[in-house]
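Trainee: Protein chains in written order, with our numbering: chain C, 1 to 133; chain P, 1 to 310.
Calculated from the structure, these hints are not laboratory results. None of these values were measured; they are calculated from a predicted model. All residues carry an ideal CB built from backbone N, CA and C; glycine is no exception. Misleading hints may appear alongside valid ones.
To be verified - Footprint (simulated), chain P over chain C, 3 or more residues, beta carbon under 8 Å:
(1) 23 to 32
(2) 51 to 60
(3) 108 to 120
Listed here are the chains, written in short residue letters.
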Amino acid sequence: MSTKIRVLIAKPGLDGHDRGAKVLARTLRDAGMEVIYTGIRRTPEEIVEAAIQEDVDLIGLSILSGAHKKLCKKILNLLKEKEADIPVTLGGIIPEEDIPELKEMGIIEIFTPGTSLKEIVEKVKDIAMGRKV
Amino acid sequence: MQWAEKYEQLLPKFKAQNKTALAKMISLLEDNYLQTWEIISRLHSDIQPKNSYVIGITGSPGVGKSSFISRLVSFYSNKGQNIGIILIDPSSPFSGGAFLGDRVRMFDLTNSSNVYIRSIASRGAMGGVCNSIYDIIDVMKAFGFDTIIIETVGTGQSEIDIFYACDNTLLILSPDSGDEIQIYKAGIMEIADCYIVNKIDLPNSKRFLMYLENYLDSQNKDDKKVFSVSSTENKGFEKVYQWLESSRKYFQIHNSKENLRKKSRVKNYLFHLIENFLEGYSLENQDVDSLKKDVIAFICEEEGNNGTQN
Numbered sequence: 001m002s003t004k005i006r007v008l009i010a011k012p013g014l015d016g017h018d019r020g021a022k023v024l025a026r027t028l029r030d031a032g033m034e035v036i037y038t039g040i041r042r043t044p045e046e047i048v049e050a051a052i053q054e055d056v057d058l059i060g061l062s063i064l065s066g067a068h069k070k071l072c073k074k075i076l077n078l079l080k081e082k083e084a085d086i087p088v089t090l091g092g093i094i095p096e097e098d099i100p101e102l103k104e105m106g107i108i109e110i111f112t113p114g115t116s117l118k119e120i121v122e123k124v125k126d127i128a129m130g131r132k133v
Numbered sequence: 001m002q003w004a005e006k007y008e009q010l011l012p013k014f015k016a017q018n019k020t021a022l023a024k025m026i027s028l029l030e031d032n033y034l035q036t037w038e039i040i041s042r043l044h045s046d047i048q049p050k051n052s053y054v055i056g057i058t059g060s061p062g063v064g065k066s067s068f069i070s071r072l073v074s075f076y077s078n079k080g081q082n083i084g085i086i087l088i089d090p091s092s093p094f095s096g097g098a099f100l101g102d103r104v105r106m107f108d109l110t111n112s113s114n115v116y117i118r119s120i121a122s123r124g125a126m127g128g129v130c131n132s133i134y135d136i137i138d139v140m141k142a143f144g145f146d147t148i149i150i151e152t153v154g155t156g157q158s159e160i161d162i163f164y165a166c167d168n169t170l171l172i173l174s175p176d177s178g179d180e181i182q183i184y185k186a187g188i189m190e191i192a193d194c195y196i197v198n199k200i201d202l203p204n205s206k207r208f209l210m211y212l213e214n215y216l217d218s219q220n221k222d223d224k225k226v227f228s229v230s231s232t233e234n235k236g237f238e239k240v241y242q243w244l245e246s247s248r249k250y251f252q253i254h255n256s257k258e259n260l261r262k263k264s265r266v267k268n269y270l271f272h273l274i275e276n277f278l279e280g281y282s283l284e285n286q287d288v289d290s291l292k293k294d295v296i297a298f299i300c301e302e303e304g305n306n307g308t309q310n
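Using the sequences and the accompanying hints, generate a full structural model.
Mentor: Pasting the structure below:
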């Protein structure tokens, strides 16, 4: 019996630009994954609770508002608090200089503008499958 | 890890009403379809399931099933009930992937402590639900929900498996669902115990309600209920809630669908096994008689191997 990869694509915070999140959700769908989409303007609490209830293998955050450091920190802390061992990736408008800090925080992979969809699919697969074993 | 080992790990937390354990138990069933019967019978020997009331919500894409559920559930949860919700969306026949978007309409319920929401992909099932639906309901009953609500995929005219899986079926219609002719068609229009005309704020709603009531009158279907609601304006839900609660009492005494349900469940399981078998089978130059024998051998063998395979 093959197991399916389940991914939560989430948009935290006050940021209504969801084209990227939707394109990515559809791309992952076409790569054979089950993608749960949260819609825009979700709180970190809602995202973490949804990820737990849906038993996803990965959370993909999309942030274009500039508030990525605060939002990521909050989400990672909540996951830790709830003992949910779910890897988190981030995509959107993320300045190069913020990347080391975000990775230090625990964001496992960061996809900035220009990353090919193929690369994202491969990395998401690798990370999610790593958790399944 | 084998399923039995995972199951044992999850059980104590599951018994302690932990939502993470519930979520993982559902995944365990979905990922180990061939071992389903064994997992469920273990669960039943470990936990006495609750006599939960199971409501099915069906209807075409876009009629407002998710928004309706969102409104209905806040009603239930305000009354202090524990609610489990299963939202089913279709899997792609090409990639096998799915875009599960029903949750978007009910995010305000996500952090309610007495509500659990799970999105499920249909994974090739054609009846409007998923192959594991009966098992997921069993898990939710064991977890102890008072009410379980299932939303089907956006259905057409003949996806009616929800009728077997739940106690009461609610068909959501929208005033722009079509003319009178659509109402006369067999299939989904017949399986509903209750018709919900949503979006009653739309201009055509009165005419549509008249068509529907005329149809039900002409069929002598007095026991079928019609309610009109508006999810955007949050109107009409109190009456639906009251009807559902009186219906719950009936099902708790009669359990009238149990035999139908068992039959459908077994059929569902066998069909799924056969489908899996045919997928990896070369059908070239195959005569049906010998194929039949192979299928039977496969199913019997499957049963013998149930405990050891993973």
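Trainee: Each hint should be assessed against the structure and marked as holding or not.
Mentor: Comparing the hints with the structure gives:
no.: 1; hint: 23 to 32; verdict: holds (count 7)
no.: 2; hint: 51 to 60; verdict: holds (count 4)
no.: 3; hint: 108 to 120; verdict: violated (count 0)
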